[in-house]
Amino acid sequence: MFTCGLLAGGVLTAGVLWLLSGLFTPLPAGVRQGLIVAVALLAVLRDAGTLSLRLPQNARQIPQDVLRRHLVRGAMQFGFELGTGVRTYVSASAPYAMAVAVLLSGGSYAPALAAGLGFGAGRALTPALRRLSGNGERWDDLLAGRLRGVTLVCSVLIAAAACGVR
Amino acid sequence: MGEPVRPADRPSGARAVRALLTDPVLPVAALGAAVIAAVLHAPVLTWAITGGLAGYSLSGSV
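Same order as they appear, the protein sequences are chains W and X. In the working numbering, each residue carries its 1-based index in the first sequence increased by 5. In the working numbering, each residue carries its 1-based index in the second sequence increased by 3.
Read the hints as simulated data drawn from the structure, not as lab findings. Please note that the accuracy of each hint is not assured.
[Stated by the list, open to error] Just some of the chain X residues that point at chain W, by a computed CB distance under 8 Å:
| hint | residue |
| --- | --- |
| 1 | V20 |
| 2 | D26 |
| 3 | L56 |
[As the list claims (entries may be wrong)] Derived list of chain X stretches under chain W, where covered just means 3 residues or more per stretch with a C-beta under 8 Å from a C-beta of chain W:
| hint | region |
| --- | --- |
| 4 | 30 to 41 |
| 5 | 44 to 55 |
| 6 | 58 to 65 |
[Said to hold, decoys possible] What follows is a set of in silico ranges between Cβ atoms, one per label pair, in the way DEER data are often shown:
| hint | chain 1 | residue 1 | chain 2 | residue 2 | range |
| --- | --- | --- | --- | --- | --- |
| 7 | W | L25 | X | R18 | 31 to 37 Å |
| 8 | X | S15 | W | L50 | 39 to 45 Å |
| 9 | X | A32 | W | T55 | 20 to 26 Å |
| 10 | W | R153 | X | A17 | 51 to 57 Å |
| 11 | W | G150 | X | A40 | 46 to 52 Å |
| 12 | W | F29 | X | R18 | 23 to 29 Å |
| 13 | X | V28 | W | M6 | 33 to 39 Å |
| 14 | W | Y114 | X | I39 | 21 to 27 Å |
| 15 | W | G39 | X | I39 | 18 to 24 Å |
As the structure is a prediction and not an experimental result, all values here were calculated from the model. We treat Cβ as the ideally placed atom computed from N, Cα and C, and that holds for glycine.
Use the sequences and the hints to build the structure in full.
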């Protein structure tokens with residue numbers, strides 16, 4: 006249910022961004038593509054620590070009693086809110102780069118839908134891998150040691166994809 | 004008489020494989036390879052994979 010919530014939340018946010026993308030269609034495709042690439046590169050610089058830039062976020066955590074009230078509904082709600090990215094700490098720049106990409110992509114809803122589903126699935130990977138590892142505490146330590154690199158590589162790959170996709 | 008020195012706590016055999024397959028870096032490597040392939044052949048898939056990278060980059064934050 007948590008994963009379903011993540012996917013639904015990701016799709017909702019991507020859908021809203023896609024609807025708003027219509028406002029930017031008067032911009033030439035080349036300009037929009039250039040902006041997508043520029044923002045993706047800024048995200049890389051920010052995650053590399055080279056650029057200090059405060060980005061907007063609703064830095065609040067979803068209250069734990071969401072899960073206490075009703076476990077299944079709570080898990081769905083928890084996942085949904087995380088998937089929207091609206092009430093959570095956004096500790097990396099890649100989601101912002103993706104949001105701008107969806108906003109400026111133009112065209113059909115399919116890329117936005119794919120991006121939203123992908124975002125939710127990506128968020129679901131963390132608890133899934135942790136559970137599959139069989140040793141959550143050890144996995145947490147591994148992640149803590151590698152998180153900075155993981156965040157940076159994710160940004161770099163997204164920037165590379167932004168340069169390659171038309 | 005001193006206590007015997009314990010070997011380093013390193014998983015072996017099936018545990019080592021499990022540790023390797025659930026390493027936090029593995030999704031990034033897999034998604035990275037997939038996104039390169041997708042950019043060349045499947046633009047919509049590229050969006051899904053880059054979305055996945057963006058979501059996974061938020062590991063550790065709630």
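Here is what the structure says about each hint:
| no. | hint | result |
| --- | --- | --- |
| 1 | V20 | 11 Å, violated |
| 2 | D26 | 7 Å, holds |
| 3 | L56 | 4 Å, holds |
| 4 | 30 to 41 | holds (count 7) |
| 5 | 44 to 55 | holds (count 10) |
| 6 | 58 to 65 | holds (count 8) |
| 7 | W/L25 x X/R18: 31 to 37 Å | 48 Å, violated |
| 8 | X/S15 x W/L50: 39 to 45 Å | 41 Å, holds |
| 9 | X/A32 x W/T55: 20 to 26 Å | 24 Å, holds |
| 10 | W/R153 x X/A17: 51 to 57 Å | 30 Å, violated |
| 11 | W/G150 x X/A40: 46 to 52 Å | 29 Å, violated |
| 12 | W/F29 x X/R18: 23 to 29 Å | 51 Å, violated |
| 13 | X/V28 x W/M6: 33 to 39 Å | 28 Å, violated |
| 14 | W/Y114 x X/I39: 21 to 27 Å | 25 Å, holds |
| 15 | W/G39 x X/I39: 18 to 24 Å | 22 Å, holds |
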